[in-house]
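Fit chains B, C, D and E to the known structure of chain A by using the hints.
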Amino acid sequence: MNKLKEKAKELLSSGAVQVVVGYEEGTGGKIRPAFVSRPEDADKLLYNADCHHNLALYLYKHETKRIGKMAVVAPPFVLRSILILTTEFQLEEDSLVVLGVTPEEELIEFANFKEIETWVNQHPIGMKEKDREMLNRLNAMSRDERWQFWQNEFSKCIKCFACRGTCPMCSCFRCTVDYNAPQWISVGSHQLGNFDWHLMRAMHLAGRCSVCGQCGEACPMDIPVHLLSFQINEDIFKMFGSRAGLTLKKESLLSTWKSNDVENFIR
Amino acid sequence: MKIGFYPGCSVDGGSREYKESCRALAKAYGIELESVPDWNCCGASAAHNLNRELALALPARILSLAEKAGMTDLLVPCAACYNRLMLTQHELMKDETLRKNISEVTGLEFKGTCSILNVVHWIQKWILPELPEKIKKPFDYKVACYYGCLLVRPHKVLKFDRPEDPQSLDEVMKLIGATPVDWAFKTECCGAGLSVSKTDVVADLSGKIVRDAVYRQADALIVACPMCHSNLDMRRREINGYLKQNVSLPVIYVTQAIGLALGIDRKELGLHRHFVPVNLPEKAEATK
Amino acid sequence: MARIGVFVCHCGENISATVDCDRVAENASGLPGVVHSVDYKYMCSDPGQTLIKEAIKEHKLTGVVVAACSPRMHEPTFRKACAEAGLNPFLCEMANVREHCSWVHEKTESTTQKAKDVVRLLVEKVKRNEALQPIKVPVTKKAVVIGGGVAGIQASLDIANGGHQVLLVEREPSIGGHMSQLSETFPTLDCSQCILTPRMVEVAQHPNITLWSYSEVIGLDGFIGNFTVKIRKKAKSIDEHLCTGCGLCTQKCPVRKIPSEFEQGLGTRPAIYTPFPQAVPNKPVIDKLNCTYYLKGRCKLCERVCPTQAIRFDQPDEIVEVQAGAIVLATGYDIKRTDFFPEYGYGKYKDVIDGLQFERLASASGPTGGMIRRPSDGQIPKNIVFVACAGSRDPAKGIEYCSKICCMYTAKHAMLYKHKVHDGTPYVFYMDIRAAGKDYDEFTRRAIEVDRTKYIRGRVSRIYEKEGKLVVVGADTLLGGQKVEIEADMVVLATASVANPGSEELAQIVHVSYDRYKFFAEAHPKLKPVETNTAGIFLAGACQAPKDIPESVSAASGAAAKVLGLFANDELTREPLVAVVNRMAPPLFSTCIGCFLCQPVCPYNAIEREEFKTRDGKLLKAVARINPGLCQGCGTCVALCRSKSIDLYGYSNKQIYTEVSALLDEALV
Amino acid sequence: MKLIKKEDLPGLYGYLASAGKKIFAPVRKNGMVSFSFTSAFEEIEMSYIQTKLSAKAAAFPKIEKLMKYTIQKEGQSYEPYDVEKFPGIVVWGAHPCDAAAFHPLNAVFTWETHDKYFTRRMENLLIIGLSCTSHDEFCFCTSVGVHPGDTKGSDIQLTPLPGGDYLAEIITTKGEAVAAAVPALFSPAPGLNKEELVTSVEKRFDHEALHAKINGMFDHPVWKEQALRCIGCGACTYVCPICSCFDIQDEGGIFGGLRYRCWDSCGFGHFTIHTSGHNPRESQDTRWRQRLMHKFSYQPQRQEVFGCVGCGRCSRNCPVDMNISEHLTQIMAV
Amino acid sequence: MDQFEPKIVAFVCNWCTYAGADLTGTSRLKYAHNVRIIRFPCTGRIDFLLLQQAFAKGADGIIVSGCHPNDCHYTSGNFHARRRWMVFRQMLENMGVEAERIVFSWVSAAEGAKWADLVNETVESIKKLGPYHKYQDMAKSLEEWEVTHE
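Residue numbers (our numbering), protein chains in the order written: chain A, 1 to 267; chain B, 1001 to 1288; chain C, 2001 to 2669; chain D, 3001 to 3334; chain E, 4001 to 4150.
Simulated from the structure, these hints should not be mistaken for lab results. Quick caveat, the model's predicted, so the values are computed rather than measured. Don't take every hint at face value.
[Stated by the list, open to error] Incomplete in silico selection of chain E near chain C, CB under 10 Å:
#1 V4009
#2 S4027
#3 L4029
#4 I4038
#5 L4049
Idealized CB from N, CA, C, for every residue including glycine.
The shape of chain A in the complex, shown without the other chains:
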């Protein structure tokens, strides 16, 4: 932890970066993203297991980019997100200093993105027990029960798009739901509109999700939307043997194919 603060101070005072994107203590015991531009403010940076925000979100926003070169405090899911965003041309290696933090709260520095690629491949991210249990519960349900489960959950949705706003992979300027020629997805938060929205979002994240779970964390209505992505991520691993955010190769799951992709449902 002290190492992180020192490193941030060093980067800021040497002028190597203009801003360090990290975590700080917020109000009401919450943790929140922090933007530290002065070395003396670096002391407020912290990192622990409760830091759930996916800071990769800020790395390509023009609001943060205009401050200058960035350093980012990057737990494993942020590292994966950085790789995904790099393969999607949203991040450039030389515009960013990555301060990796391990689940053991240790600082790791990466000389380049290639090293991040190596590291994330050696350090799989485990799913939280709570999420694993929920997935097991969902899998144990009958299909109709699953339908009912999600219908109930989606009925809470107010279409505030916090799930979208907090997700680094939702990097589109204009989301499909904002497209109105035609209006594929209803804007209003009625049942169909909510269902279409969450299905569409999960599909657009399939093979691109770093499995940080932040969409579920962000939902003010406590809808576990992240489970949709978690589950399909597991399914994708079963079907294709791949997970997102482990490679710098520019090949996203749904933008590539193999002639021997195995399915059993096409007649």
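Just chains B, C, D and E, lined up with the frame of chain A:
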């Protein structure tokens, strides 16, 4: 450190020196070889010719037991056992129905989580890393590494070494100071199970192997399979008859060769159990 | 406001027998936006078409739906009719009420209902159609042929004889390729160089052909009709205009022991060299890696002896950009070499050689003057074993295909050997004899029956050396798998034909796809064998798959015909059904964020990166742009794009969304 | 000042329900308390600090259907929804902040044009307020001129007594009508100081001073600094009892459909985008500034109301802890 | 009550399945009338949102069909589509949607009979499943929306 161990019938019987040398090596490295509890026959070499289900069920039971005992690495020194276990894992992992059926037969769940190691694998993974600093007495001999058939084939399943001209044993031998000879019989047939039923065929096939090794001026034949060993060693009288000469070329397990380089006692390595006495020239004894 | 005309065809009774056409027309007339709706016996007849044309004028139609047969049948007909009446042809759609309706259902209410639904669907679609203009692309009538083997030579000559400029680019100092290395050719046993060299000379002298040897393509931009090819002309270290090709320098060069590439390492060459006597161009190059001057900074013997002072040690590589309308890839093949066959001792035993080496041994101009002598000691081998399918058709070796030429050349080798070593015994181990071709089977029979080659059907398991002999161990499967051991003096492996090294790299440079063996991929295995998926790039010869000489030449002529067909027009006209990425005012420029996930999706490499920069060159945004010259309109990128920034003319998001709505908004049945 | 015993609350509920009112009250389910339409008194949670969503949906629901339309050959036709059919709604147990929020909300919907959907719902609305006996660190009503015992906006105001009974203040004629209909439920109140019953919320700044200051801060760098972590979602606006922005959408097929309005948020990047692609609020700080300026500068200037009642919902629900009172305190300090 | 006649929308590519369905017609093979074909250049063009839309608009079943692997007119559109469907189908399954109501198929331009069989089999299987009320009820959510639903 505990590693799973499947002895199989050979190394528990006729090839005790193979087991002994494995254990001796393991001991030198602080590794405990833990036998699969209640293990059974792997089905080699006849089951797969007679009954597919049986040929799969036997190894499947072994693997299931190993999984149940929490073994992740499973050392299988006998090449025939290794082959059967690997083939079974391969077959079961690609066919869910078959997996289910076989599980019903064995009454045990099969997950396929066990990593099956042949002796060379094991050496590469567990022994090589600290080998150079442990060598007391370089094994400075010309050796003919004999791989046989079961260690490297079928390549599609085993994915070990290159099947036509394997190199892994040669590489291990180089590391302990030996000079592998370039010879033509690395993967030729030794006669295998005909050892019992048709000794004349074994004499012919194994004889050619021994003859070429002698011709290439090898000091020893290095093997990693008890069946190869018994054909080349135990059937030496018949081989000599076929070759019409007395050949004293010893046949040594790779584990024994490494053991000698590590300075392990000959008896602990079971070298006294061979039919062809292992009398290597003195030069190596003197060198350090 | 839309003014749609609906024209329901009876197709004689083909439609009207099961569909109530007048009710379909009547129903359509009630749809919003439909101002005219009629049915008629034969819409595609002249009077039928006139009906449409007049209605377009009279009712000022903005869209036409013809409910008739499949659009795959008559869409061009009706679109043309519309165009003749002044309506943009892309504002005409067809509702398929024959193949998809009247012919597949009995006469029931449901069948008429289906016709009504399909008409409604297309009325709603056509309301959202846009008037599109065909895409016109100018054509630069110059071809670049990459590779100067027999295929490249043939393609160049055919295009040049068709009256167009050709630039032939060859990597080696001379054109000629593998064919120039061959001794004789099957099935006629005529001398390879005798038939090839006149063609090589023709290339050199053809007024329409520019030959750049010792040159490589290093970049390609643009699209069909409009390529820019970037070529590196490697420094030959001589002034080609001054050099007369007298050869004095090559005789005097003190470095003489360099293994000759042309002789497959069986002969040597100096550091300044022409690969072989009949080389075209017949002017030497200096091999910088082996030249004493380049290595040690002194020597320059060649410079001193050159009568025309043509040596240029300081010559740099030159990078040139060339405009071209079409590219022909003719980069040929290679064969597998050492370490691929450890069990055959290839690379370990000097007398185990490959087919190309045998060609050089058998060649009158080769290192042995055409005598079959084994490389190790120059002895004439008395027992010689030829191993066919060395690596080919062998999944364990990763090559599952048949190399195609080996059966024939192995038979040829056996014959050539027997013709030169009368008391020798040639053996051939083979899997199958594949001799399908004109006079081919007769040829292999001759090798067996006349020249008494011992053909053994089986594979060789191992070759090892013992007491000066190569012991070939194999099996004779026709004798019940009996083991065969032959003590040979020399072994010739017909090693697998493989893609040329560098083919993958070249494929990436010119953006063509390749198969899993790195051979270039044709656009369609049957119907487009010389086209690639990149329009304007064609394939000739063995760069696509192993081919023998006649096939390579045929493919080359085929590719040339495609190029000539392309060059027959000054402009290319293409259907405008292409994808497009939206554009808008700065600072957005587009809703595209430039993730470029669409790029790998496009089979035609039509998706480019467009960068918007400030005046001082700072990058503001990079977004996708679709090259309308390359896009074929499959729409895969459109479906993939998350921000819906790509749309497809003719099948736009609005159109297809509306089609689904239009279908389901009213009860189907 | 009257007293209503806790065992009489179901009676009040029963009377309102039997009068055909739909009762919108705090209900605890799935671990959160939210305003929901109830069918029995037992569903109601009377002791809560703050609900997830505000009570504004009673008059400004997340979806308000405006009209049906049909497209026919002859042309298009419209059929507006009949506001006369809107049911009477009772907001039961709204804290003073929520009750007070209907006033600024009303100011928007009746400013120059009277929105018939909103005004009709307001006319039909009865608000039973509930004074606060507890609060949390996100509450800052006192800083924006609201008090935990305020009765503004309520028709009847309940204040919990330690024993479980409630003080009942009848505020408006609507409230009086209810009390008159069920007189037996109300008894005279004992002499109590209401101030001592309600919680005390610390005042962090003065809203009038804030108004005076923020008016001149349009170009201040503080917006950029504060908005850095804002993710541009609509959580704060949707939970806000006063945010009133909406979008109008048509949904349907080729032969017709319906038009509705639904909540929208000034936090979205697309909120102000023009067809050309030009966006006058191009970055998140300008959107954040809009949110605060609207509430504390423009609304007081134009409608003489503040756009904030200090309920703290936006701060509680923000995924990145954009705490409004913290930010406003900071603005007062710069 | 009348027998249930399912509404089925077919999304097909122009080059293989559309042509295959043409062949069904020219061969005069008869099949159930419940299906309506929408033509696409390629299966790669078929956005999964269209499938969502079709169900929302009241389709009881959907057919998606294109060229067999390796036969795509555009080389790889169907391979892309196949991956998309693999993931989409699983996603629907995860969300409790009756994924078997979407029938995926490869029908070539030569498989007129296969098209007829495909339609008939699909109609039969959808008849067995009945109308997709669950989805259709959800789709009516706006129409039936009342403030008091909240």
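The hints, checked one at a time:
At about 6 Å, the closest approach between the beta carbon of V4009 (chain E) and any beta carbon in chain C falls short of 10 Å, and the interface hint on this residue holds. Interface restraint check for S4027 (chain E): the shortest CB-CB distance to chain C comes to about 8 Å, inside 10 Å, so the restraint holds. The interface hint given for L4029 (chain E) holds, since its Cβ lies 7 Å from the closest Cβ of chain C, which is under the 10 Å cut-off. Given hint, I4038 (chain E) at the interface with chain C, holds; its Cβ is 5 Å from that chain's nearest Cβ, closer than 10 Å.
Hint status for L4049 (chain E) relative to chain C: holds, with the closest Cβ pair at about 8 Å, below 10 Å.
Of the hints listed earlier, there is not a single one the structure fails to meet.
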